[in-house]
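Chemist: The chain contents come next:
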Amino acid sequence: MSDTVSAAVTGAPAAGRRLPPVAELGIGSLALVVIGGILLASYVPRRPPLAAPGALAAVSGALLVAGVFLLARLEQFAWPRFFVVFRWALLAYVISAGMIGFAFVRDHTRGAPLALVLVMLVIFALDVPLIIAFTVARYSSPPYSAD
Amino acid sequence: MTDVGRMQAEVVAQSPPRPQVQVVPVRGLPIVAVVVAFVIAAIAGNWLWALTFCHVVGGGLWTAIDLFVGLIVGPILGRLSVPARAEFTARFMPKMVLLMPTLVLMTLAAGFQLALREGNLLAGNPNHAWLIVSFCVVGVMAVIALGVLEPANIAVLVEMRKANPDGQVIGLLMKRFVYTAGITGLMQVATLIIMTRVATQ
Chain D
1 MSDTVSAAVT GAPAAGRRLP PVAELGIGSL ALVVIGGILL ASYVPRRPPL
51 AAPGALAAVS GALLVAGVFL LARLEQFAWP RFFVVFRWAL LAYVISAGMI
101 GFAFVRDHTR GAPLALVLVM LVIFALDVPL IIAFTVARYS SPPYSAD
Chain R
1001 MTDVGRMQAE VVAQSPPRPQ VQVVPVRGLP IVAVVVAFVI AAIAGNWLWA
1051 LTFCHVVGGG LWTAIDLFVG LIVGPILGRL SVPARAEFTA RFMPKMVLLM
1101 PTLVLMTLAA GFQLALREGN LLAGNPNHAW LIVSFCVVGV MAVIALGVLE
1151 PANIAVLVEM RKANPDGQVI GLLMKRFVYT AGITGLMQVA TLIIMTRVAT
1201 Q
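For the record, the sequence lines run as chains D and R. Reminder that position 43 of the first sequence reads as 43 in my numbering, one-by-one numbering, no gaps. Reminder that position 113 of the second sequence reads as 1113 in my numbering, one-by-one numbering, no gaps.
Incorrect hints may have been included.
As the list claims (entries may be wrong) - Calculated Cβ distances over 12 Å to all of chain D for the following chain R residues:
{"id": "1", "residue": "Pro1030"}
{"id": "2", "residue": "Trp1049"}
{"id": "3", "residue": "Gly1060"}
{"id": "4", "residue": "Leu1061"}
{"id": "5", "residue": "Val1069"}
{"id": "6", "residue": "Ala1145"}
{"id": "7", "residue": "Thr1196"}
{"id": "8", "residue": "Val1198"}
{"id": "9", "residue": "Ala1199"}
To be verified - Stretches of chain R that chain D covers, calculated by requiring three or more beta carbons in the stretch to come under 8 Å of a beta carbon on chain D:
{"id": "10", "region": "1036–1042"}
{"id": "11", "region": "1098–1112"}
{"id": "12", "region": "1116–1128"}
{"id": "13", "region": "1152–1158"}
As the list claims (entries may be wrong) - From the derived model, a few chain D residues whose C-beta atoms are all more than 12 Å from chain R:
{"id": "14", "residue": "Arg18"}
{"id": "15", "residue": "Ala23"}
{"id": "16", "residue": "Ala66"}
{"id": "17", "residue": "Arg110"}
{"id": "18", "residue": "Ala112"}
{"id": "19", "residue": "Val119"}
{"id": "20", "residue": "Val122"}
Think of the hints as simulated: they come from the structure by calculation, not from any bench. On a predicted model such as this, the values are computed, not experimentally measured, just so you know. The beta-carbon is built from N, C-alpha and C at its ideal position, and this holds for glycine as well.
Go ahead and model the full structure; you've got the sequences and the hints to work with.
Modeler: Right, here's the structure in full:
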């Protein structure tokens, strides 16, 4: 019997472990940034109103900070694995966010709208690696409650 | 050793070695770099053919792969034996790690620039409303893909690299992967309707 098969038979205590809703907060934050991005993009090439996208970015940033705060309180967590995955995912999503930013700069977005786009891209580039690294590390952590 | 124990030992000895799982297939990275460079050049040069090529080829592959994985491969995978599923997953998922983000980047970046170049984003353009709807569809797909699908994909691969992979975790994450691929696949049908509409207005 291979390792995979034996693991399938014996079950997985790690899968049942309760952890704070870091991924859910990250997905919420990502959704708000995407909505804000759609609002901004729908006005290109005109100057967009910034109130609604700005508010969405602020709430999105708050959700991200809340997720990081909850995550930082975890003591028994697979931190080495989290940071390895986070670093590589961050590299990938910084490139991805850079390309989106390049498209906006290339299309003559300037001033406050550009600043808001960049803030949203920073949140995006942090959100996705956080969700990926948390999802990976949660299944590598010991099967005891973190509460 | 009992007969049962001896039989189990023989099964272990005869079972094929688990495939070496590489989370990110390094050999594919130069291809990704070439594609990304091509997309950047197409945007920087505002080059109609290259933008159309990137958008149509990227979008076509993205849609087809999403539908194929979600509606064809997924249900088949669910009926395979655990070792067969594990072996398929070990070979299939690393390719998806590179392929899908590249296709998504190629499609969206080129598509946005193309819409801008052709004036489709201008408020008075008949395609403007259709494009905003397509932004919304893509936005939902992006949140599902980036927030659920991709983390599940990476987590499966990392789990499979362990000396003793957890079958329950892999099963749970693969189920999540296949369901979300199915949802985004169905949403791709909406994108197909919108894009063919935009192209023929």
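Chemist: For each hint, tell me whether it holds in the structure or not.
Modeler: Hints versus structure:
Residue-level check passed: R/Pro1030 sits 15 Å from the nearest beta carbon of chain D, beyond 12 Å. No Cβ of chain D comes within 12 Å of the Cβ of R/Trp1049; the nearest lies about 18 Å off, and the non-interface call holds. Annotated as non-interface, R/Gly1060 keeps its C-beta farther than 12 Å from every C-beta of chain D; the closest such distance is 21 Å. Look at R/Leu1061: its CB is around 18 Å from the nearest CB on chain D, clear of 12 Å, so calling it non-interface holds up.
No beta-carbon of chain D is positioned within 12 Å of the beta-carbon of R/Val1069; the least distance is around 19 Å. Listed as outside the interface, R/Ala1145 is inconsistent with that label: its C-beta sits roughly 10 Å from the nearest C-beta of chain D, within the 12 Å cut-off. For R/Thr1196, the shortest C-beta to C-beta distance to chain D comes to about 21 Å, beyond the 12 Å cut-off, and the non-interface label holds. With a least beta-carbon separation of about 15 Å from chain D, R/Val1198 lies farther than 12 Å from that chain, consistent with its non-interface assignment.
In this structure R/Ala1199 is separated from chain D by more than 12 Å, as the shortest Cβ-Cβ distance comes to about 20 Å. Counting residues of the region 1036–1042 of chain R whose CB falls under 8 Å from any CB of chain D gives 3; the rule of at least 3 is met. For a cut-off of 8 Å, the count of residues in the region 1098–1112 of chain R with a CB near a CB of chain D stands at 4, and the three-residue condition holds. Given as covered by chain D, the region 1116–1128 of chain R passes the check, having 4 residues with a CB less than 8 Å from a CB of that chain where 3 are the minimum.
Counting residues of the region 1152–1158 of chain R whose beta carbon lies closer than 8 Å to any beta carbon of chain D gives 4, which meets the minimum of three for the stated coverage. Distance check on D/Arg18: its Cβ is at least 15 Å (rounded) from any Cβ of chain R, clearing the 12 Å threshold; non-interface status holds. D/Ala23, annotated as away from the interface, has a beta carbon of chain R within 12 Å; the closest lies near 7 Å. Residue placement check: D/Ala66 keeps its beta carbon more than 12 Å from all beta carbons of chain R (closest about 16 Å).
Every C-beta of chain R lies more than 12 Å from that of D/Arg110, the closest at about 15 Å, which supports listing it as non-interface. Once the 12 Å rule is applied to beta carbons, D/Ala112 is consistent with being away from chain R; the minimum gap is 20 Å. The claim that D/Val119 is not at the interface with chain R holds, since no C-beta of that chain comes within 12 Å of its own (minimum 18 Å). Remark: the non-interface label on D/Val122 is consistent with the geometry, its nearest Cβ contact in chain R lying 15 Å away (cut-off 12 Å).
Checked against the numbered hints above, the structure violates hints 6, 15; every other hint is satisfied.
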